[in-house]
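Top to bottom, those sequences are chains A and B.
The first sequence maps to residues 1 to 482 in UniProt numbering.
The second sequence maps to residues 1 to 482 in UniProt numbering.
To be clear, the hints were calculated from the coordinates, so they are not data collected in a lab.
Heads up, some of the hints might be wrong.
As the list claims (entries may be wrong) - Computed list of lysine-lysine pairs in DSBU-like fashion (alpha-carbon distance at most 35 Å, straight line):
id: 1; chain 1: A; residue 1: Lys77; chain 2: B; residue 2: Lys28
id: 2; chain 1: A; residue 1: Lys125; chain 2: B; residue 2: Lys380
id: 3; chain 1: A; residue 1: Lys172; chain 2: A; residue 2: Lys222
id: 4; chain 1: B; residue 1: Lys12; chain 2: A; residue 2: Lys380
id: 5; chain 1: B; residue 1: Lys56; chain 2: A; residue 2: Lys389
id: 6; chain 1: B; residue 1: Lys390; chain 2: A; residue 2: Lys389
There are 2 protein chains.
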Amino acid sequence: MLPFEHIIIIDKENKVPVYKQIAFSITKAIQNGTLKAGAHLPGSRELAKSLGVHRKTVMAAYDELSAQDWIVIIPRKYISVAERIPVLKPQKWSAAPSALPYQHDFRIGFRTVDNGVEKTNTTSKPEIIIDDGCPDVRLSPIDALLRTYRSYTSFKYAIKDANTSTEQGTVKLREELAHYLSETRGLNIAASNLLITHGAQMGIFVAARLLLGPGSNVVVGKPNYPSASSAFEETGAQLIAVSIDEHGIDVDEIEAVCKKKKVTAVYVIPHHHYPTTVTLSAERRVKLLKLSIQFSFAIIEDDYDYDYHYTASPYLPLASCEHDGNVIYIGSFSKMLEPSLRIGFMVAPENFIMQCVALRKIIDVGGDGYMQNALAALIKSGELKRHVKKAKKCYRQRRDSLDALLRDKLGKYISYTLPSGGMAIWVKLNPEFSVTRLVSHPKLKIYRVDIEHNAFRFGFASMNEKELEQAVAFLYEMFSGF
Amino acid sequence: MLPFEHIIIIDKENKVPVYKQIAFSITKAIQNGTLKAGAHLPGSRELAKSLGVHRKTVMAAYDELSAQDWIVIIPRKYISVAERIPVLKPQKWSAAPSALPYQHDFRIGFRTVDNGVEKTNTTSKPEIIIDDGCPDVRLSPIDALLRTYRSYTSFKYAIKDANTSTEQGTVKLREELAHYLSETRGLNIAASNLLITHGAQMGIFVAARLLLGPGSNVVVGKPNYPSASSAFEETGAQLIAVSIDEHGIDVDEIEAVCKKKKVTAVYVIPHHHYPTTVTLSAERRVKLLKLSIQFSFAIIEDDYDYDYHYTASPYLPLASCEHDGNVIYIGSFSKMLEPSLRIGFMVAPENFIMQCVALRKIIDVGGDGYMQNALAALIKSGELKRHVKKAKKCYRQRRDSLDALLRDKLGKYISYTLPSGGMAIWVKLNPEFSVTRLVSHPKLKIYRVDIEHNAFRFGFASMNEKELEQAVAFLYEMFSGF
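Put together the whole structure using the sequences plus the hints.
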């Protein structure tokens, strides 16, 4: 309830009767929007008490207001501001005057990077949603996670523990994760080499802020993961885009660049590149590592979907090879469990992690200690591994079903290379069909569309057979309608 | 399981028998830490299959390894790397060579701001933990929150919804919050004036990044909330500290500063200032707003515990008065529900919010859509209001109990002013007792200690009567022992 004694000003010296002063104050509050249409007002007894006036005075004020239709009085129920009063457009807020001290300072534009189009802010309710490669939360052990979470909030000691030193991530989670990463990726690390981030993006942002600045050069793929490019640009660094082919990023081009100018960092998504889903070949991996030592640049390895590789077993990360500490390895649980969980991690030399922790603390203090410890328990119990194994099998089937569907139904409209892993297929449209047509359809929502390459990402992991069929059928309708 | 075919290199041309090559590869992997002590190895059948060799060959390799004590074979159970092998210190990670490209680049130091000391990284298990003002999670409706959360993850459509456009916060939460803030704080805003952040700190960080930069000036209180100072310094801005007295920040000093140099922003914590817990007086609020218009600076209003004001009803935020859009209002649910929830919010003019959203997306993409919608439901149902009302009553009692305990037991060692609200008391030690002595005690952990003022924050909200008594008794022991 609002502190009405601060809203209602009464001046006993004033000749205007007190009840009129009260009524006037309330009218003013309604007019300037402090009191909104339908908002409840305190009972006359309550208000009289807080204003230090007689109850009859307040009743008189309320009567006057209701007579003027400012308020509605339902006896013995409630008193509220009338509904018919238009909710005034916020004055001081939306329509901020250009005198606003920070008005001019529009540092960051909304990007539609490398001609990609994002429709995330659409308001229409689309019938078909094609994401860019999200897991199926319906398969995830969220129950187990939340049960554990709940149990911690009722433990006396967990209460205090969970809220401290989460800027690096809880010790429990970092220890479990160090073990998990060594078993699954051969990363020979300790908990001190880990920073738990708020999603993989924060790992990229933090690394960028610490490594890059105006004048420094960072190499990225073309096309590249837009949010990573944004993070690099935000530091004022120069982005140098090198081509991506079927074997991943072109390391010879990188070498050529390094010979021309000082490169501070190279950003790679070894498997599977975003958006094109290609896997970086073994030869290029070896050469890239050699270059990083020769030219002393940091490799930011974004390995967001290592766990989902189908045809062969995955390549070990660059981070688990000889790299003289040049590799910053970034991963996430968003792809393993569910995107909105927002728990990611960074692996790096201890001295770099220390800097990251200091910066991370400034950004958002830390993560959710309870959730992190619940996740640690999920890993320790082996539940995470079981889930990933199960999900991998399922996503592989979905990839193959989508492959079959695309060949049968859309074969003559599109082309694509079946990815060896991941959660999405990079679908290229034949020249006669424009991807912009797909974007413009109100009933269809596609997360990642690339106009320059006339292509889009078809995320299959989050859709079951039936949903895949519906989506492809919908696309077929559109293409045959072109 | 590790992809062993990438770890084990077999050269059929090589004169060394294949089983020896396998054994050698595994020994190497153990030595360089890729395989850790106790790590399980695949069964001979499995490994033979993935290496494309005869099973007998693998068995020969395993026999050799176990003969050399590298591995342990428990027939029909498992094969694992021997436990007695020392877990090698991560070579490439902890001990990163100084040639590390980013080694030199230690931009951010660990702060102990204004001589404050943080012991968050202590490893000892303290018996008594005195936080700096955290809510009691045991009172919070976490159950309801998590139940709702769970229900969303099983809804087909919530799945897709929750993961999109959370960079500003879900529409559900922003709409509920706009209503809640208008009812409780008289903030006349729309959902478009809101950014949902990952805790209040992210609001401060984002505002700082957009408003400040090298050469710009920002006014803060002395002493100030350390994490806010860090966020401002990180932008390269100049911090100008003005004094805080019993009426809050000294606005005349601010005016004097504005006359000397261009001030871009003023950071205030109107009630209750951190760490000293004082409330900004009405007169100063009015004058500060006038100054912000006169000198055109932004006011960053950190109102983290508005909801907990005991003696009178709270002052309305600066943000709900006339301010020509100069006020950026920052709040958090961490204090209302639980600290690790990490959901905060920023209220600002729409055009500024748009910039914040663009930046926030780069930092960490967005928040947890499920949790945000669950919180929205909690607000809509009125549960949050009921909780805050209940908690307020409880915290007020705890403040009064602590007041009584401090007077009775520690009266002759300390001094303090009872705060009119909030979750902590700012306790000053008499000169003859040094606060550093408290910090050094292994069984005691205090979140916020200020050596310059020989004082610390005694958070009372998270402790019940019994816990308060224990804490004060413990302090009594120490003081009388001095």
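- Mind checking the alpha carbons of Lys125 (chain A) and Lys380 (chain B) for me, to see if they're no more than 35 Å apart? holds (23 Å)
- Query: Is the hinted pair Lys77 (chain A) and Lys28 (chain B) satisfied, with a Cα-Cα distance of at most 35 Å?
  - Reply: violated (80 Å)
- Message: Please verify whether Lys390 (chain B) and Lys389 (chain A) have alpha carbons no more than 35 Å apart.
- Response: violated (46 Å)
- Straight-line Cα separation of Lys56 (chain B) and Lys389 (chain A) no greater than 35 Å? With Cα atoms ~28 Å apart, Lys56 (chain B) and Lys389 (chain A) stay inside 35 Å; holds.
- Item | Restraint check for Lys172 (chain A) with Lys222 (chain A), where alpha carbons must lie at most 35 Å apart | violated (39 Å)
- Is Lys12 (chain B) close enough to Lys380 (chain A), meaning Cα to Cα at most 35 Å? violated (40 Å)
In this structure, the hints that do not hold are numbers 1, 3, 4 and 6, in rising order.
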